[in-house]
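K.L.:
Chains D, H, U and G, in that order, are what the protein sequence lines are. Residue numbers are given in the working numbering: position 176 of the first sequence equals residue 176, and the series is strictly consecutive. Residue numbers are given in the working numbering: position 336 of the second sequence equals residue 336, and the series is strictly consecutive. Residue numbers are given in the working numbering: position 9 of the third sequence equals residue 9, and the series is strictly consecutive. Residue numbers are given in the working numbering: position 277 of the fourth sequence equals residue 277, and the series is strictly consecutive.
Don't take each hint at face value.
If several chains are the same, the list does not tell them apart, and a pair holds so long as it fits within one copy or across any two.
Straight-line C-alpha distance at most 20 Å; calculated SDA-like pairs for lysine to any residue [claimed, not checked]:
hint: 1; residue 1: Lys7; residue 2: Ala42
hint: 2; residue 1: Lys7; residue 2: Ala25
hint: 3; residue 1: Lys99; residue 2: Phe170
hint: 4; residue 1: Lys143; residue 2: Asn280
hint: 5; residue 1: Lys149; residue 2: Arg15
Keep in mind that the hints were calculated from the coordinates and are not lab data.
There are 4 protein chains.
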Amino acid sequence: MEHPSLKIGIVGLGRLGRRHAENLARYTPGAQLVAACSPIAAECEWARDTLQIGTIHADYAALLADSQVEAVWLVTPTSLHAAQIIAALHAGKHVFCEKPLSLDLDECHEVAAVAARYPHLKVMIGFVRRFDASYRTAHGRIKNGEIGKPFMVRSQTCDKNDPDGFFVQFAPTSGGIFLDCSVHDIDLARWMLGNPIAKRVYASGTIAMHPGLAACQDVDNGVAICEFDGGQLAVFYASRTMAHGHDTSTEVMGTAGSLAIGRNPRADRVEIADASGVRNACTPSFYERFEDAFHHEAQAFVQAVLTDTPLALSLDDALEATRIGIALRTSLQTGQPVMLGAA
Amino acid sequence: MEHPSLKIGIVGLGRLGRRHAENLARYTPGAQLVAACSPIAAECEWARDTLQIGTIHADYAALLADSQVEAVWLVTPTSLHAAQIIAALHAGKHVFCEKPLSLDLDECHEVAAVAARYPHLKVMIGFVRRFDASYRTAHGRIKNGEIGKPFMVRSQTCDKNDPDGFFVQFAPTSGGIFLDCSVHDIDLARWMLGNPIAKRVYASGTIAMHPGLAACQDVDNGVAICEFDGGQLAVFYASRTMAHGHDTSTEVMGTAGSLAIGRNPRADRVEIADASGVRNACTPSFYERFEDAFHHEAQAFVQAVLTDTPLALSLDDALEATRIGIALRTSLQTGQPVMLGAA
Amino acid sequence: MEHPSLKIGIVGLGRLGRRHAENLARYTPGAQLVAACSPIAAECEWARDTLQIGTIHADYAALLADSQVEAVWLVTPTSLHAAQIIAALHAGKHVFCEKPLSLDLDECHEVAAVAARYPHLKVMIGFVRRFDASYRTAHGRIKNGEIGKPFMVRSQTCDKNDPDGFFVQFAPTSGGIFLDCSVHDIDLARWMLGNPIAKRVYASGTIAMHPGLAACQDVDNGVAICEFDGGQLAVFYASRTMAHGHDTSTEVMGTAGSLAIGRNPRADRVEIADASGVRNACTPSFYERFEDAFHHEAQAFVQAVLTDTPLALSLDDALEATRIGIALRTSLQTGQPVMLGAA
Amino acid sequence: MEHPSLKIGIVGLGRLGRRHAENLARYTPGAQLVAACSPIAAECEWARDTLQIGTIHADYAALLADSQVEAVWLVTPTSLHAAQIIAALHAGKHVFCEKPLSLDLDECHEVAAVAARYPHLKVMIGFVRRFDASYRTAHGRIKNGEIGKPFMVRSQTCDKNDPDGFFVQFAPTSGGIFLDCSVHDIDLARWMLGNPIAKRVYASGTIAMHPGLAACQDVDNGVAICEFDGGQLAVFYASRTMAHGHDTSTEVMGTAGSLAIGRNPRADRVEIADASGVRNACTPSFYERFEDAFHHEAQAFVQAVLTDTPLALSLDDALEATRIGIALRTSLQTGQPVMLGAA
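Using the sequences provided together with the hints, build the complete structure.
P.N.:
In structure tokens form, the structure reads like this:
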């Protein structure tokens, strides 16, 4: 008796794409990385030589036509996500797609509508933090009633400052700080609070270090308040300018206690005591922080497909995160609160 | 040669008033607590018997007429503050007054105007946290440039839940959660950011545990965003419903680093490891957290008077804190951002 | 071009053995788990059905005779280690063996002597903590001079109390608390201090909870001081009676600073604030604490064999750990310091 | 009705003496610092001018003859302690004396014998850590049974390195590192464990930075194991060479949990996040760490005299600490364990 496995074709082999590929090739039991697709020759070469992937496609259509491929793994620019997911569904493939689903709400709805026509195919957007061990423990404790009824979330995604401001050139297409960074926090807040729907949001921000962002009405430090329909609250903070590293943390307040995840972004279990005091190093980027979560995410998707069990998060979750993110951007740009009707 | 001393009359001997009185009587070099004033017989008795204060006045006018008294120390209901400060100034007394200055902006301006006519008299509102050793260290590090240019503050005042909801009955006169609790955070934020003036605020909140607050349009958990005229940001959180204790903390983000004060509200230096994990106890109320700060505050005021040196904080600071606090309440009640013109 | 791989036969499929097997089967690139060996039918069945290992041997001789097997992976009782390693070497196999090498110093020397005759074969004893990310970082910082010259180590291995005292029945064959638990700390201390040789040791201990240990002159809490030939010091603590979990920690003192690894044995990045204070859960057992280290250990061994590069730790290290562990036991039992000549 | 007060004469106004004097003059309700005694003119002048102490004596006999003085406060060289305490008792004065009682066991016994003849006079040796809020909380929790039965203590006194090695010149008269530093830890260990008597000790040490100590057989880093008559254990560490500050910490292991006091020697509640990671400053010296404890110690002594209630610690405690400290020094110098008979 052979163990079942899922034959996967990865699309996009940039920095994060390569990590997904290695992860699927080496650390995801049940996954078989049978094909890769990239328009860039060097990336194809890497896939062939380093990962020994058997089939390399230069374009996406060819990959979708590849009958051995059962699932596509999209690590492509956000602007391509919706169309690529829809095409994959029409081609009969399961889909994993990096976050965010799309920066355009109509596209989100369209993807959801198409996916609804293929109920036997799984589609998951990579909200990787849901698969982090600490976030999972926290969620379990909340479901278990350990903090009473949760009524508020504070969550932040703060990146280490890039002194070159490299990201500024991507600002026009990133969707702005809230859609780029805070979608994770939005998704976590809803997950921790029992999936409420947003009612009203207000956002503000400042440019602390990167004046180039002003041209596209973006900021390098943004804050926001989100009110949900059940009276729950969320406060978000996103920053591009941290000095100490990547600092993602989330707090959940409940009527009988509160939980904090990642309050000190420790790189490891080492503490150093010297003339500067007692200190710990910090996780330099999201990848060091969430490396294990990427593994668990891939394992969860592959297992859900192989055993045909429901996914942990739905397209509706991804859609609601985008909807809220767009409203935050609007509020930032108008200075007014944005009302959100039923999703 | 006798050391100089300041003869003080304390007004109000409720719970916090008694602590101020003991503090002045025992731990404030240079202070001489010569008189006390309270309308409540038991309080007067305590002042006479326990603290051995020589002169007890049943009413405030008598205390002001007491020529030995050089300074009054007001720990009275907020609604009395403005009138009592003004009367004290007219009587030629220095004034220390517990926060907040007033819930009414016109009163604040009136106090400031009267005080301006008595430049030789000192008036200080008790924003006690400015005298806490950790906040002072943090402020010093910021002035020293250790985190670069500060551009954002997050600050919270979270009280331990009182299961009896005793505070609910004071809600109609407290000014609401922002004027009662967040004034401290507002003052700290301005202090850390170089005393900017608020430009626009937005507030929201929820009632997590005390439905009785709805009657006076108050909440037991409030959040707010404040934008300052120099582009700086502040995010506030105030809560009445913490399970673990009094949890006051403040973070200051700068272009070269950030500072956090009081992130874990440790009661002491003890950690306990047992079947529930590794834990520390928390400060039960603001008094345990700021006991030393109350000492330093009294010492600072007395020294400033004795040496005729400037106070660390001005009436303008107290006025701006009230102005912002009122705007936060308005925003909470209207659901709209509130614009604040020049102070 | 096929990637090279190492064909491994695992021996012993008890609790820890199964974890090694899963690890080799799923998370060790380059490893091929081709055979397993256990005298217990249920274990063989698990290997066949769950891990789908192709060849199952009922006895060790058969596994050694299996020509496809290039390396054996011993997770067997300590009393068998020396003979099994020697037999594997004679059969031309590389050897990974769980710690400790042996409780008998002569056996350690014999293994070292035989291994020296097969320089092309790798033999590694599983001092897993050397492969933990935090210990590696700490070691790198020390080598980098970040704490000056290291002169002292404090290290502890403290297990969560088993209220059933199940381990008491193994006490007669475990070698006692120092050989069973402290060998890890001994090895870490030597590694951090630049591999010095022990000169004199003194040990003491107490029975806090498990009186049954008295019969075999063992304790459930043991402490020891070890002096090394270069003047360095180590202090060890081993316990079987922790209430909060598995608590392994190590401090290294240097002339310009000190390093602590694992001071709070956090289970994850979650902190809980409730009526009991602020707390974190703890790692329940060594496995949760060192799961990643087991992965890295296996990867390191497999890579060293595949690339024929030197191992991170030698049989001499394993021998010195046993030599010191035996001396600690002797000291505990005699109440006298034990002098150790050149190794 | 006048509050009772205790008229105190302080003896010795060196660095620590001045702090005791200020403390008594300003922060010790019930204390009246009426006289001071020092052979050094500048110190006398400081007492007169800064503290406005009325009577200044150039020698100790004169102070003892001063009838207004009810209690003497000795902050003098250790070699004078015993004779000064005895003389004070003969003169009918209560005595507070800085630790240690004496470096000579016979002297300790003699003091105890004389004190026994004056049961109406209080004598207390300043083991200040017993008056620290965190140590008191810890002791209360243990008495309360929160960690079950305590069976082991680890305690350390580690001073910040003085690069000038100033202390080396005092090494010949300090009694060595254990009598100078570890007496505190010895006293704390006995207090936490229920005042057991030592049975056997073993000590070792190393010179990491100050070779000058070799001349008087002392070390700059010392470790020791102490076995008590009830089977309890203590492990001590004393260091003169910390890079990060003064680091005093103590752990108490019990059958149901453990307590740690001062694990991270935080200077305050501030945490800094910058390019070096997340860090806190450390207490630079014992005085910053134990400033409040010095206040509480003085208050406790004064209250015990004024109310004629028993002291928290006895001369027998001070004697046992010296007895154990001497045994540790002997063990360090001989390399052998030292047996201690009944105290």
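K.L.:
Work down the list of hints and note, for each, if the structure agrees.
P.N.:
Consistency of the hints with the structure:
For the homomeric pair Lys7 and Ala42, neither the shortest alpha-carbon distance inside one copy (23 Å) nor that between copies (32 Å) is at most 20 Å. With identical chains, the CA atoms of Lys7 and Ala25 are at most 20 Å apart both within one copy (11 Å) and between copies (19 Å). Taking the shortest alpha-carbon separations for Lys99 and Phe170, only the intra-copy value of 16 Å comes in at or below 20 Å, while the best inter-copy value is 48 Å. In the homo-oligomer, the alpha carbons of Lys143 and Asn280 lie at most 20 Å apart only across protomers (18 Å), although the nearest pairing inside one protomer, at 32 Å, exceeds that limit.
Taking the closest pair of Cα atoms, Lys149 and Arg15 never come within 20 Å of each other, the shortest separation being 40 Å inside a single copy and 33 Å across copies.
Of the hints listed earlier, those the structure fails to meet are numbers 1, 5, in rising order.
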